[in-house]
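Use the sequences and the hints to build the structure in full.
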Amino acid sequence: ARKVVAVDASDVIKEARQIVDRNGYGDVIKFANGKLEDLLKEGKLPLDQGEKVDVIVSEWMGYALLFETMLPSVLAARDAIMKSPSLDHGGGVGGTMWPSRSSIYLEGASDERLNYWDDVYGINMSAMKDRVVRELVDDAGVEVVEDRYIVTDRAELIEFDLNTCKDRDLDFESEFELRPRKKVDDDNAVVEIQKLVVSFDVSFSLPHVP
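So that you can map any letter, position 155 of the sequence shown is 155 in the UniProt record's numbering, and since no number is skipped, the others follow by simple counting.
These aren't lab readings, by the way, just hints derived from the structure by calculation.
The model shown is predicted, which means the values in this text are computed figures rather than measured ones.
Take the hints with a grain of salt, since some may be wrong.
Pairwise CB distance ranges, derived in the manner of DEER restraints [said to hold, decoys possible]:
{"id": "1", "residue 1": "D79", "residue 2": "N124", "range": "57 to 63 Å"}
{"id": "2", "residue 1": "K44", "residue 2": "L170", "range": "25 to 31 Å"}
{"id": "3", "residue 1": "K129", "residue 2": "K44", "range": "50 to 56 Å"}
{"id": "4", "residue 1": "K52", "residue 2": "S103", "range": "26 to 32 Å"}
Even glycine gets a Cβ: it sits at the ideal position worked out from N, Cα and C.
Structure (structure tokens):
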């Protein structure tokens, strides 16, 4: 890269600058310390007047992609300092976001924490289930859900093209259908969903052949 602009609001940027200087990249990598939106507003990014960047790389993803996300700030930077993207992702030279696409998914799952109370060393303690459910629904949990607990197919709620999406697109409604993962021969059979699992994917694409 001819020029790299590194932005961070924390003090660790001081050590990052020292590492860059000690390895001889001080002329290429420039640093800006502060919140991205403030640096944009105050014109304090180390860019020449009218200079645009080819790529914006950011790890902005929050829980379930959008909770506590920094995406609005990154989109503001895209609109302010990134070259216009090549919309067909196949021709023409343009800027791009990395990651460039993201999707949110929903799945139904069972929860062993509920089933546990049905037989605790031979004792039926299912009366505890209501209490456990209340604790689980008060706050969303962040955890690894093993594949064996997933009981439905994965439904895509939304996909974002990060080169073109707007702030308003992040507030969305979505229709979805969760189908049983395993084939059920009996039409009256019940697939029990004890919790909903939200996950996300991100992907990278080039707007042109480098």
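Non-conforming hints, listed in increasing numerical order
Hints that this structure does not satisfy do not exist here, as all of them hold.
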